[in-house]
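Engineer: Read off the chains here:
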Amino acid sequence: MLSLALFTSYCFYRQHRTDSSIAGPAGSQLLAIMRQAYESLVPADSRLLPTPDIYFVRRFLSQSAVRLTGVNLRKFDMGTLNPLWFFMKKSMTVALFGITISDRYATVYSLTGTSMSPTFTTSSPGFPGYLKGDIVLVEKFCLEKYKFSRGDVIAFKSPSDHKREFVKRLIALPGDWMQIPDTSDILKIPEGHCWVEGDNKEFSLDSRHFGPIPLGLVQGRVTHIIWPPQRISKVERKVAMERVRST
Amino acid sequence: MSTAGSRIASFLGGAAARFGKVPWREIREEAFDRAVLVLKAACFVHVVNTYVVGIAFVRGPSMLPTINLTGDVVAVERVSPRWGSLAVGDVVILLSPENPRKTVAKRVLGLEGDAVTFLVDPARESASQTVVVPGGHVWVQGDNIYSSRDSRQFGPVPYGLIQGRAFCKVWPPEAVGLIGQKL
Numbered sequence: 001m002l003s004l005a006l007f008t009s010y011c012f013y014r015q016h017r018t019d020s021s022i023a024g025p026a027g028s029q030l031l032a033i034m035r036q037a038y039e040s041l042v043p044a045d046s047r048l049l050p051t052p053d054i055y056f057v058r059r060f061l062s063q064s065a066v067r068l069t070g071v072n073l074r075k076f077d078m079g080t081l082n083p084l085w086f087f088m089k090k091s092m093t094v095a096l097f098g099i100t101i102s103d104r105y106a107t108v109y110s111l112t113g114t115s116m117s118p119t120f121t122t123s124s125p126g127f128p129g130y131l132k133g134d135i136v137l138v139e140k141f142c143l144e145k146y147k148f149s150r151g152d153v154i155a156f157k158s159p160s161d162h163k164r165e166f167v168k169r170l171i172a173l174p175g176d177w178m179q180i181p182d183t184s185d186i187l188k189i190p191e192g193h194c195w196v197e198g199d200n201k202e203f204s205l206d207s208r209h210f211g212p213i214p215l216g217l218v219q220g221r222v223t224h225i226i227w228p229p230q231r232i233s234k235v236e237r238k239v240a241m242e243r244v245r246s247t
Numbered sequence: 001m002s003t004a005g006s007r008i009a010s011f012l013g014g015a016a017a018r019f020g021k022v023p024w025r026e027i028r029e030e031a032f033d034r035a036v037l038v039l040k041a042a043c044f045v046h047v048v049n050t051y052v053v054g055i056a057f058v059r060g061p062s063m064l065p066t067i068n069l070t071g072d073v074v075a076v077e078r079v080s081p082r083w084g085s086l087a088v089g090d091v092v093i094l095l096s097p098e099n100p101r102k103t104v105a106k107r108v109l110g111l112e113g114d115a116v117t118f119l120v121d122p123a124r125e126s127a128s129q130t131v132v133v134p135g136g137h138v139w140v141q142g143d144n145i146y147s148s149r150d151s152r153q154f155g156p157v158p159y160g161l162i163q164g165r166a167f168c169k170v171w172p173p174e175a176v177g178l179i180g181q182k183l
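First to last, the sequence lines map onto chains A and B. Taken in order, the first sequence gives residues 1 to 247; the numbers are from the UniProt record's numbering. Taken in order, the second sequence gives residues 1 to 183; the numbers are from the UniProt record's numbering.
Be a bit skeptical, because a hint or two may be false.
Stated by the list, open to error - Some, not all, of what chain B presents toward chain A, calculated at C-beta under 7 Å:
#: 1; residue: Arg34
#: 2; residue: Val38
#: 3; residue: Phe44
#: 4; residue: Val47
#: 5; residue: Thr50
#: 6; residue: Gly54
#: 7; residue: Leu95
#: 8; residue: Pro100
#: 9; residue: Arg101
#: 10; residue: Asp121
#: 11; residue: Pro122
#: 12; residue: Gly135
#: 13; residue: Pro158
#: 14; residue: Tyr159
Stated by the list, open to error - Far from chain A, by Cβ distances over 12 Å, these chain B residues were calculated:
#: 15; residue: Gly13
#: 16; residue: Ala16
#: 17; residue: Arg82
#: 18; residue: Ala87
#: 19; residue: Ser128
#: 20; residue: Ile179
To be verified - Keeping only pairs whose Cα atoms sit at most 30 Å apart, straight-line, the calculated DSBU-like set for lysine-lysine is:
#: 21; chain 1: B; residue 1: Lys102; chain 2: A; residue 2: Lys89
#: 22; chain 1: A; residue 1: Lys188; chain 2: A; residue 2: Lys140
#: 23; chain 1: A; residue 1: Lys89; chain 2: A; residue 2: Lys140
#: 24; chain 1: A; residue 1: Lys163; chain 2: B; residue 2: Lys102
No lab work stands behind these hints: they were computed from the structure. Even glycine gets a Cβ: it sits at the ideal position worked out from N, Cα and C.
Please take these sequences and the hints and turn them into a complete structure.
Structural biologist: Right, here's the structure in full:
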């Protein structure tokens with residue numbers, strides 16, 4: 001039992017070391033200690049293999065595979081598959097980190113449309129236009145407690161199509177009394193909702209059209225313009241003081 | 001006195017030498033590798049939880065008898081809301097439109113364009129009302145119509161608030177089972 005445990009731990013360790021391909025001095029020292037422990041504790045006649053080395057197992061397996069199929073997988077494995085596998089593992093890791101960061105902390109959006117000019121410049125549709133528009137940084141820390149200020153620029157999912165996201169300015173928060181633009185109506189923003197409007201009043205599909213939106217649709221707060229280089233700047237907060245009364 | 005002093009000095013010297021011999025670089029590298037491994041695991045958990053399947057703890061009277069009053073742990077899949085393949089009768093987890101920090105579980109009773117008929121206040125009167133669910137919205141209601149705050153109060157909710165479809169109860173052990181569609 002003990003021999004089996006020692007053997008497997010040694011093999012696992014060995015395997016791990018070779019897999020991560022960093023057999024540094026510390027690692028090989030530990031390996032030597034483990035081997036010594038194994039050889040001193042387990043009598044020679046009851047060992048599973050003469051030397052517990054995973055390479056023996058591998059070689060044995062690959063040799064039997066060669067004998068069975070006539071194809072030397074090992075050459076293949078070492079020659080072409082390994083770098084490819086390594087590259088795939090690396091890119092998977094990078095993707096995992098990237099997705100997590102963009103989901104939880106901060107992300108970038110490329111903006112299209114004219115509803116927020118002059119705060120953001122417009123981009124014409126089509127491929128080159130995609131990069132002509134502003135690219136903005138969206139932070140997501142505000143989603144922890146849903147703490148926003150009036151005048152922030154926020155990104156949110158469209159209430160009428162969950163696949164589209166809009167960037168507009170936050171005008172009023174829950175509980176605020178607000179005068180609806182171009183009318184004399186006063187509206188109290190319901191709990192958990194907010195009022196959003198584009199900076200470009202003529203070409204904007206916003207709360208004047210679909211009413212207050214639930215805060216749960218908000219995806220983040222736009223803080224900076226990061227592209228093109230000559231427009232790198234912070235996004236200013238603009239409050240519509242004359243229309244909104246907070247309670 | 002002098003021997004004690006020299007002994008201390010030699011001990012300190014030995015300690016310094018031993019300190020110098022510690023393979024700091026290797027230890028640092030190994031610690032970094034371990035930290036990266038832990039971070040990778042955390043990221044993996046996040047990605048699976050956000051895009052494939054996660055678990056949620058649901059409690060309260062609104063989903064009786066499907067979900068227990070004292071709380072059940074349910075498995076939530078994130079794929080069908082993303083692909084837009086939710087159907088009428090599914091139990092969904094959504095951010096409450098009245099408080100974005102709260103998540104609630106309700107049953108979908110109408111997709112966009114459906115006409116939904118519901119009892120306005122079943123405890124007092126039998127008056128019913130019919131509404132047509134607007135585009136990009138869903139109509140959600142609790143299974144326990146007498147004690148549920150749902151679309152009957154706050155109207156249809158945007159599809160974007162839906163976080164996932166609860167398809168299976170995983171805890172407590174005596175309640176384990178699939179959550180079926182029910183009309």
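Engineer: Now tell me, hint by hint, if it's right for this structure.
Structural biologist: Do the hints match the structure? See the list:
Evaluation of the Arg34 (chain B) hint against chain A yields a violated restraint, the C-beta minimum of about 11 Å exceeding 7 Å. For Val38 (chain B), the suggested interface contact is broken, since its CB lies about 13 Å from the closest CB of chain A, more than 7 Å. Hint on Phe44 (chain B) holds. Least Cβ distance to chain A is approximately 6 Å, under the 7 Å limit. At about 5 Å, the closest approach between the beta carbon of Val47 (chain B) and any beta carbon in chain A falls short of 7 Å, and the interface hint on this residue holds.
A cut of 7 Å between beta carbons decides the hint on Thr50 (chain B): the least distance to chain A is about 6 Å, and the hint holds. The interface hint given for Gly54 (chain B) is broken, as the beta carbon of that residue sits about 13 Å from the closest beta carbon of chain A, more than 7 Å. Hint status for Leu95 (chain B): holds, given a least beta-carbon distance of 3 Å to chain A, under 7 Å. Taking 7 Å as the C-beta cut-off, the interface hint given for Pro100 (chain B) holds, the closest approach to chain A being about 4 Å.
With 7 Å as the threshold, the beta carbon of Arg101 (chain B) comes within range of chain A, its nearest partner Cβ sitting at about 6 Å, so the hint holds. Violation of the interface hint for Asp121 (chain B) is found here, the shortest Cβ-Cβ separation to chain A being roughly 20 Å, above the 7 Å cut-off. The beta carbon of Pro122 (chain B) is not positioned within 7 Å of any beta carbon in chain A (closest approach about 24 Å), and the interface hint is therefore violated. This hint holds: Gly135 (chain B) has a C-beta 5 Å from the nearest C-beta of chain A, less than the 7 Å allowed.
With 7 Å as the threshold, the beta carbon of Pro158 (chain B) comes within range of chain A, its nearest partner Cβ sitting at about 4 Å, so the hint holds. A cut of 7 Å between beta carbons decides the hint on Tyr159 (chain B): the least distance to chain A is about 4 Å, and the hint holds. The claim that Gly13 (chain B) lies off the interface holds: its Cβ sits roughly 24 Å from the closest Cβ of chain A, which is beyond the 12 Å cut-off. Chain A leaves Ala16 (chain B) outside its interface by the beta-carbon criterion, the shortest separation being 20 Å against a cut-off of 12 Å.
Distance to chain A contradicts Arg82 (chain B) as a non-interface residue, since its nearest Cβ pair spans about 9 Å, not more than 12 Å. The claim that Ala87 (chain B) is not at the interface with chain A holds, since no C-beta of that chain comes within 12 Å of its own (minimum 16 Å). With a closest Cβ-Cβ approach of about 24 Å to chain A, Ser128 (chain B) is found to remain outside the 12 Å limit, as its non-interface label requires. Interface exclusion of Ile179 (chain B) from chain A stands, the closest Cβ pair being 22 Å apart, more than 12 Å.
For the suggested pair Lys102 (chain B) and Lys89 (chain A), the alpha carbons sit about 37 Å apart, so the restraint of at most 30 Å is broken. Pair hint Lys188 (chain A) plus Lys140 (chain A) holds up; C-alpha atoms about 27 Å apart against a cutoff of 30 Å. With a C-alpha separation of about 28 Å, the suggested pairing of Lys89 (chain A) with Lys140 (chain A) holds against the 30 Å cut-off. Proposed proximity of Lys163 (chain A) and Lys102 (chain B) is supported: the alpha carbons are some 22 Å apart, at most 30 Å.
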